[in-house]
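Residue numbers (my numbering), protein chains in the order written: chain A, 34 to 1026; chain B, -3 to 413; chain C, 119 to 568.
Simulated from the structure, these hints should not be mistaken for lab results.
Residues from chain C shown here face chain B by an in silico Cβ test under 8 Å; the list is partial:
| # | residue |
| --- | --- |
| 1 | P257 |
| 2 | R304 |
| 3 | W328 |
| 4 | S329 |
| 5 | S348 |
| 6 | R557 |
Anything over 12 Å on all C-beta distances counts as not near chain B; from chain C, calculated:
| # | residue |
| --- | --- |
| 7 | A159 |
| 8 | A160 |
| 9 | T170 |
| 10 | L244 |
| 11 | V417 |
| 12 | V427 |
| 13 | F431 |
| 14 | Q470 |
| 15 | L471 |
| 16 | I474 |
Beta carbons are placed, not taken as given, at the ideal position from N, Cα and C, and that holds for glycine.
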Amino acid sequence: MTPEFPDGADLPPDELSRRELGELLGAAGAALSLAGCIHSPTETILPYAHHPGPITPGLPLFYATSMVLDGYATGLLVRSREGRPIKIEGNPEHPASLGAAGVFEQASILELYDSRRMRGLRRRDQPAGWNDLRRRFGVREGAPERADRGAGLAFLLEPTSSPLRRRLLERIALRFPESSVYAHAPTAGYGSRVAARAALGAALVPQHDFRDALRVLAVGSDFTASGPFHLRHARHFASTRRVSTPRDTMSRLYAVESVPTPTGSLADERLRARPSELALVLAAVAHELGAGSEALEAAADRLSPRQRELAAVAARDLDRHRGRGVVIAGEALDPAAHALAAWLNQRLDNVGSTVWYTEPALHLEGSPAQDLARLAREIDAGAVDTLVIAGGNPVYTAPSDVPFGELLERVEETICLAPYENETSTRCRWAIAAAHYLESWGDARAYDGTVSLVQPLIAPLCGGRTADELLAVFAGEESHDAHAMLRDLWLGGGDDGAGTRGERGGDRFWERALQAGLIEGTTLTRSAPVASLDAAVRLLEERLREREPPGLEIALRSDPTVHDGSFAGNRWLQELPDPVTKLTWGNAVLLSPRTASELAVGNGSMVEVETAGRAVRGPVFVLPGHADGALTLHLGHGRVAPFEPAAAFGFDAYALRPTAAPWVVPGATLRALAAGEMSARERRHHALASTQQHWRLEGRDLVLRQTLEELRARPDLAAAHRGPLPSFYGWEPDPSAAAHARDQWAMTIDLSVCTGCNACVIACQAENNIQVVGKEGVRKGREMHWIRIDRYLTGPPEEPVAVHQPMLCQHCERAPCEYVCPVFATTHSADGLNEMTYNRCVGTRFCSNNCPYKVRRFNWFDYSHGHDDTAALVWNPEVTVRERGVMEKCTYCVQRIRGAQIQARLEGDRPIADGEVVPACAQACPSRAIVFGSLTDPASEVSRSRQNPRLYSVLHELGTEPRTRYLVRLTHPHPELARPDARRPADAESTPR
Amino acid sequence: METTADPRRLGLLAEYDNPADLVRGAASMRERGYRRLDAFTPYEVPGLAETLGVARTRLPLVTLVAAAVGGTLAYLIQWWTNAVAYPIPVGGRPLHAAPAFVPITFETAILFAGVATFLGVLVLSRLTRLWAPIDEIDGFERASVDRYWLAVDRRDPSFDPERTARELEDTGPLRVVGPPSRPSLGIVRCLPPLILVMLPFLAGCDVAGPEPNFSLERMIHQPRYDAWEASAVFADGKAMRDPPAGSVHAGSVLGPPALVEGRTDGRWVEQVVPEVDAALLRRGRDRFEIYCAPCHGIDGEAATSVAQSMSLRTPPPLVDGDARTLPPGRVFHVATYGYGLMPAYGHQLSIGDRWAVAAWVEVLRLRFGVPLESLPPALYERARRELEARDEEEDRPALPEPAVGRQRQGLEREVER
Amino acid sequence: MSVAEAPVLHGRPGDLEVTDQVLAPLWAGSRAWAALLGLSAAGVGLLVVAITYTVVTGIGVWGNNIPVGWAYGIINFVWWIGLGHAGTFISAVLLLLEQSWRNSINRLAEAMTLFAVVNAGLYPLLHLGRPWFFYWLIPYPSTMELWPQFKSALPWDIAAISTYGLVSFLFWYLGLLPDLAAARDRAPDLRRARFYGVCALGWRGSSRDWSRLRVGYGLLAGLATPLVISVHSVVSFDFAITQVPGWHSTIFPPYFVVGAIFSGFALVLILVIPIRRVYRIENLITERHLDAMGKVLLVTGSIMLYAYVVETFVAWYSGNLYERFIFLVRRPFGPYASAYWAMWILNAFAPQLLWIRSVRRRPLPLFLLSVAILVGMWLERFVLIVTSLDRDFLPSSWDLYAPTWVDWSLLAGTLGLFSFLFLLFLRLVPIVPIYEIKRLRHELELGHAG
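Work out the full structure: start from the sequences and follow the hints.
So, in structure tokens, the structure goes:
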């Protein structure tokens, strides 16, 4: 009755065929009349035959491992129950994580337990064995090697930093000197590489340290929410913005961007600029800082007065804080921008303090399009007879002018490693199931070079192999066991080519490394090259010379929830609201209100975007704060294979991506589709499913905002929004509570550091077994997330100020939900939790009606059933899997609280230390915006936050006395800049349903 | 007196065709001194009751009492359940919230009063008696339509068949009739209706049938995998997996093999590795008596019923015989990985605990087989007294011999190796 | 009968005449009746389908969402329970006020009440996420020692609705006994004689029984009167005790009660006007009755007008941001504005036509007006519930509501169930209290009736 994957839009869970209905009509009557007879199902108990040492059934173990995304490693700590990984958390010791974890890392566990994964190995459509592959391509006794020394042999890899893979590639090079290796990196920038070679004279990458960056100029860079080091950057940047007394100082962020990003929402001064203008802004800043050149002059002249003004102010401000600032240019920007950024950092003496350069951690970088194009030419010329695609999905991510799919058919032997049968694998002769990284041995480097180990937590579920194991076949290795190869690399002599080996053999070292998830002292050495202005100017002149074709600019972006499309099959990520648009299940054409009105389109109207003869069709989403005259498309949607139609929502923006300009496509036209031009089915398919309909605050004091100056002028702004209220029942906290409990739990959320990056949302989903409702469910307003991130816009529609407000159960001490529940299903615990007893709930929904924060979620259908046994493996055994008809909501991760209490009791009934209990959301938060702890401990972080002058409670006037409090959103704008009037509401009309 | 429908009381009846005559007739009969009169009318004829001298009914009292009972009961239930029996704080409101209890109190009072009133009418008027002899009188059925009957009770003091009949005739009725001639089979006749009345109750009886296997979504069986659960996903049908070989979990204790394995380059560690102090020994004793004593005995002599019943492979005493010679490293190792029938305790006892246990075993060995005489005099006295005292109540031989002659193949083999 | 000059009874039909006139429908049905019954049976079928679908698949087949946790289920519940108010009001209150004109319509109205309450009672069960656990709202000694939470308004509802249903039934049945006896004694064959014999519980009309019946009936009327007032007050608490803007209001209890009586009388008129025509009992249910009920509509309708005005004024006067938004922005100008204005026109302004006597006296306009009022009152509940929930405190959680086919089927289904039960009632029970008419006639003859 429920489909295999009920999130499919083709069959949402509320569908019930007439026939089934007929069958059920009878059954139901009988069933209801016998409601009393309940059978508890019989269950079997299956212990370990041979007890594995470390495991205690019922207790979790943590393993340090790493997830590789775009070639860079992020250190993780994975919670395992009885040998099954169930939750992914950040590794505090790892430089790229610092204990936080992003949405991709956390959601990736869903793909481990996915019954749609490819199994084993197939040749054409016949299942084959690993040995078939070895016999075909490996070293054979007495058999001659390829005559052409591998000339016809090509490898297409994802960008990689893995020392192991480097060694294997070297061995392949030895065995097949003529073979060629390509890397395709659909999400990689390319500007920085070109710029580095030109301006720095070497292929170096900039490293940034935001810990003591007092002034930051971010141009087209979303450094707190995307990129290999965003978790670290977010943590460090936030540390410069925590103001607990009016005397504290605070950094200032200038953000110049074409499309609103989480980082932009943090900006103290935000400037909109078309993608092509971003470099010009940097030029203007350089010009202001006395770089004499008519090119810069010319560039600056192209800018609007406001843009120039901000450039000037920013330049002066940065100059005033020389050595304590950062100028950072987005990966997608062109070489000129990166060269200018490099020169600016040098000019501002930031190099050496907050900025330095290293060799790239990737030894195989690749490019978003060019390398693939080269490979395509080779194939076209018939120079490739064997192509090994060790990961990635090039057929889908290929630029529009490279018909990679057809070309593949023309290669004699194609070997493809893929987690699912996807666009590429279906066109390959050999398809090999890729092992999930939680099943793999391997290594990779973090952005700063730290070697991070990938260690498995479970044996491969689908007989998957890693890219290293595949390459080992071609390298002619004896052992194809990644574990052995890895130990051999790091323990048994040999040089990993990165000079990172040194004298560190031995099991003890290896175990320590595995325990920590990384190898100490492997960060890349710093260098401080001289950036040449002339090179930058030359690059800029090239830019200026190429004249822009008329029409709109398209900015392509990797999607914040499905990345380059590789996560398109991930239900959690598909239903994760885009941090800016709050759209789920698909992408949209993002336009600024002005551009939209010029083109006479509105939210949800279907349009066709056309450039260079190629077109895509999709819905419009009007996004205040977007640059005029440009539109933004997110890559990674509209995938057909291999998933159920559920994943095919949205449109495939790769169809508009030319090799020449993979990130910014000029000269696009957009036209609204007439009623007849799109079928009703298509329209339904493309309809926007947004979790938030309304963006205005309607003059309600829900999100309090202040500038640093205002705070210093009147620190008591928030005072009216906290403290006692007249109450019929008296004000002292519930007497029955404090008496019984040693701790009183509470949470504080600092709005001035929340980027809205969604890490908490996914963390909560993974920890608390939160169900996915599918696109129809979201459109009906039935999403289940326990924590959501509300986004409000104030100020004029052109220059709106966006504020993110994580909203979860406020655990009110005077909870309105509790007293309306007729059956004691939601009650108050002694330690101040607003508890939900699922088993007692009859589902009147009275509590939700009376909850002013609307944080309660209802199981409208049996979302938990209908998933297969494999999918069920992901669910946290410590949390109830709710069933139909019951209400649910945030519990402050009560299972963790009770766990800590039990542990403390076992250890001599000691008090629970501050920071011992951390809810999933707080744990995942990169910027540490969420603080949790007990109020009975005056020294606890949360108690101290309660002293913060910025403390306030949302809807304080209702007297709900929430345990979850907020800190006023603080900004630090430049006094000289004209402030756009913040009172005027943004005209962001709600999405039509 | 009750309705004259009662056969023993049925005297004479007069039938009138309009209420006025009936009232007049009733009045004249009362003048003649009749006191036990009754009337049957299609509707309540005004003034008739007074004429017949019908007493006032006690119904209002019933209603009042019922209302009081219902209201009190309702309030008590609410107070007791919410404030006494199961006091759960909700919304920071007081447990005993009188205003909130008013509506139900009121409604229940009405409920009780209403039901009581209705039943009161039925009971007082003996309704539900579907048949009475008077029904046998032809034409009486029109009493509910358009005829008005006056009845005289046969036990009325001034009742006399002939005279009363005459007197009734004088009031000008349509006719005067006596009680029905033949005794009735009324009971038989009103059986069917009675059964009809019973049917609903029968419906309540248990209907035999197949039990429905209907988990009514009480989250009894959740689609998640707890410890020891079965899973169809894996070949061995278990949800519990082994960690991959070579993986190291973040919490694992890494130390020199002496500490973590109890041996250095192949040889058992000769003494307890961690610092031995009172705390360690206390912990060791505590753990030993929880985990080891059930088989090896509190004193390590393995003189336990468990040990005796494990006749095939008896847990050896740790303080005596070959096991006595095992070095702490070996004891630690066995505690970690188990031996023979003994399970592994590595996942239940931390490394520190296992060493503590090993240390405690050392203590037990020191304590074992110490001759009484070798004790210092004071202690000796006390020990003897206690032993004698114990022997008296258990009348056992003076001192327990050390347990000997148990099978120890396993250990012997171990020692040989 | 100084109030109006029109008589409450035309002619002076004899006892037998009246009896047979009223009992006639019991003995002979009509083809039209069968057709109507079949039609409403289809409605009941639809109801069964919709209920099964909901219970088996999940409450999600309704249009509800977060924030709109309550919608059609509760709207229909409040609407039906409101309709159920006129019956008891007519029988009890007017009895105590000694309004002789009530006699010929009270049974009809009471039957209507019962059936409306049956429908109303369905919804609170159906709208639960797990309907099969509804009994957890009732205090029963469970092994868990777990009880209902009596600070919530929902247990109050259960107490009120069940009490109201039961007491109304007893009240109705007690008044029915003598006529059932009459039916027993006039039954054409033994089968029906036995049926009515059992139902009549052996009523013989002895003068003592009559006096007990009078007292008991009076007592029940006395109990039912405060009950009528309390039931809809309790229903209004479901909203009034919350803090939802647009719900959190002290005017609700009286406003709900009046609204209930308002809609209830409208329904009585809708039923009475065709029936008196079809059954040719215009002599028993005369213009006088129509006129009196029209006046009741006029009074209650005017009170509704007042309530609407006050509600809006208080919202503005309170200065409360959220209340103001609901009453001054959301309802009049939001997406559901049409429903809001329709509610004003149908409930508050239309009844003002009843100042005109000819409208009060003539069946057709009265009938149409009553239909309008029923629709208006349904819309009032829609506006009240949906437009308060969908725009509460946090704009981020605002969302619209759209009903599904199941919602509509349930509404249509309960209408079917109501008419089904009512048609049965018309065939099985004397719709006019015969003995009351006879007594009325008797009193008129003796010339001392109001």
